[in-house]
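Trainee: Based on the hints, put chain B with the ligands in the right spot on chain A.
Residue numbers (the numbering used here), protein chains in the order written: chain A, 1 to 251; chain B, 252 to 527.
If you're looking for bench data, these hints aren't it; they were derived computationally from the structure. Please note that a few of the clues may not be correct.
Said to hold, decoys possible - Cross-link-like lysine to aspartate or glutamate pairs, in silico, EDC-like; alpha carbons within 20 Å at most: (1) B:Lys483 / A:Asp134; (2) A:Lys164 / B:Glu397; (3) B:Lys483 / A:Glu140.
What the hints assert, rightly or not - Some chain A residues flagged as far from chain B (calculated, every beta-carbon gap over 12 Å): (4) Gly29; (5) His37; (6) Leu241.
Here a beta-carbon is modelled for each residue, glycine too, at the ideal position from N, C-alpha and C.
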Amino acid sequence: MSYDATFRVWRGDADGGGLQTFTVAVNEGEVVLDVIHRLQSTQAGDLAVRWNCKAGKCGSCSAEINGRPRLLCMTRMSTFGEAETVTVTPLRTFPVIRDLVTDVSFNYEQAARIPAFTPKPREADGNHRMQQVDVERSQEFRKCIECWLCQDTCHVLRDHEENKAAFSGPRFLIRLAELDMHPLDTVDRRDAAQDDFGLGYCNITKCCSEVCPEGIHLTDNGIIPLKERVVDRRFDPLTWLGSKIGRRPKG
Amino acid sequence: MTATAPRGTGGVIPGRGDGGPAPRRAAIPERTLRTDRWWVQPLVTVVVLVLFIAYSTFRAFQNAHYYATPYISPFYSPCITTRCEGDSFPEFFTGPSWISPAIYILVLPLGIRLTCYYYRKAYYRSFWLSPPACAVAEPHRRYTGETRLPLVGQNIHRYFLYAALVFNVILFYEAFRSFRDETGEWGHMGLGTLILLANAVLLFMYSISCHSCRHIVGGRLNHFSAHPLRYKAWTWVSKQNARHMQYAWISLFGVAFADFYVFLLATGTITDLRFF
Ligand code: SF4
Ligand code: SF4
Ligand code: FES
Ligand code: FES
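For reference, chain A alone in the conformation it holds in the complex:
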């Protein structure tokens, strides 16, 4: 079963642009990316869109559909009514290159700033050993496909360009949490989380968790636990005292 849908697609570049309206065929079982590709092959040959896997695993096709940050390849057309206009725009938080393609290098710059994983020495037989229960929490965050939808949605960055200097965004807060909880890691990243990566900017309003296509509980399992760890170090006189008199070693 096919029908004609109305699509509004943002076209333009850093100098300006706007929404352009198309009527385009939609077939049963298709996702938004299919329709964008049909537009590209039938009506707008120079429409720029970034994609790769079409399986929700490469994180390339991030955009905003009816105002909500989503993966183009994982948004089924069946979630919209046939009469509904579907509006597709590029990520708002990052500079646009052209049409639906944005320059997400901010995120790679942040990734490069994170103090790297620093494991403790290997055991006598040359192996690293850890228990599954110890590493489980960190593994949740390894599911991240770096689609930057959380970064795009987070109002701290989205609504305040100037905060990009002070706040690295939810993806990197959970990266810090992942490393800080890791049973083999030896670096204490709590001060850096607060001072260099802007943990205090997050007001735990959970939009990152709402948009994550991997279903990572960024706020509940990453950011809030990290905030609590920072409290241990910076705001709680009792745990501070405990660490001074040696009652509270790390982990």
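Mentor: Here is chain B with the ligands on its own, set in the frame of chain A:
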């Protein structure tokens, strides 16, 4: 056939939020392109919280109708001044008669709710519109989050949790005391007993499912395998923590309802349903 995209002129349009210019972002003037009713949730939150605040403020200052033997309203529990109705708790001092005994204690339950990670989300979104909903621009020019005073103070949340746990014990104590009848004889149970008990349980679940609690029982550890008991406790608390929002709301309604029930008894509007 191919069409070339229109190329507008000069467009440095911010991501909206009025956080200053945002160079090279896509020019999209709308504050949001969301088509769903994203404003319903913040609106409902405001209405419910304002109603609760209005009711609880009125009751806290009313300084009357909070005790109906053997029940005491949770808003006045523990009642620690000599002016208290009933004899439920050690009376530590005598305050001026115009200060309601609720005032001395309510700051603690108020504190845990104000600094609660869940309620923070709720009021930052609905009252402060920061953001009103995901991908809807907030109206503020500047944003510093919880990095400076007063909001950096949210970090003392765990101390309010400790206080709340003490209150939880007191509320259970009061609930157990309501197994006595008007003359102080044990072996009584009325609908009020059940209501006070349910209220104590709900408030306890709210405390135990707290994010700080989750951190303290085990979250701060990096080697669960070396602490099997704490790992077990953490696993259980984590399960409750996933429902923290639900506990936050149910316990809020619960405490208001328990108070209202005592109010109805104390004013003689209804009589307690007595089981034995
Ligand atoms: S919870 Fe924090 S990091 Fe996540 S979107 Fe909200 S403010 Fe940003
Ligand atoms: S945490 Fe989720 S939303 Fe954020 S970049 Fe990773 S996969 Fe995308
Ligand atoms: S194309 Fe790879 S995630 Fe959509
Ligand atoms: S009481 Fe809600 S997080 Fe602690």
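Trainee: Next step is simple, just say for each hint if it's right about the structure.
Mentor: Consistency of the hints with the structure:
1. Distance restraint check for lysine 483 of chain B and aspartate 134 of chain A: the Cα-Cα separation of roughly 13 Å lies within the 20 Å cut-off, and the hinted pair is therefore satisfied.
2. Of the pairs offered as hints, the one joining lysine 164 of chain A and glutamate 397 of chain B holds, with about 16 Å between alpha carbons and a cut-off of 20 Å not exceeded.
3. For the hint pairing lysine 483 of chain B with glutamate 140 of chain A, the CA-to-CA distance comes to about 19 Å; that is within 20 Å, so the pair holds.
4. At the 12 Å boundary, the C-beta of glycine 29 of chain A stays outside the reach of chain B, the nearest C-beta of that chain being 23 Å off.
5. Taking the minimum C-beta to C-beta distance to chain B, about 14 Å, the non-interface status of histidine 37 of chain A holds against the 12 Å cut.
6. Distance check for leucine 241 of chain A against chain B: the nearest CB is about 14 Å away, which clears 12 Å, and the non-interface claim stands.
The structure agrees with every numbered hint stated previously.
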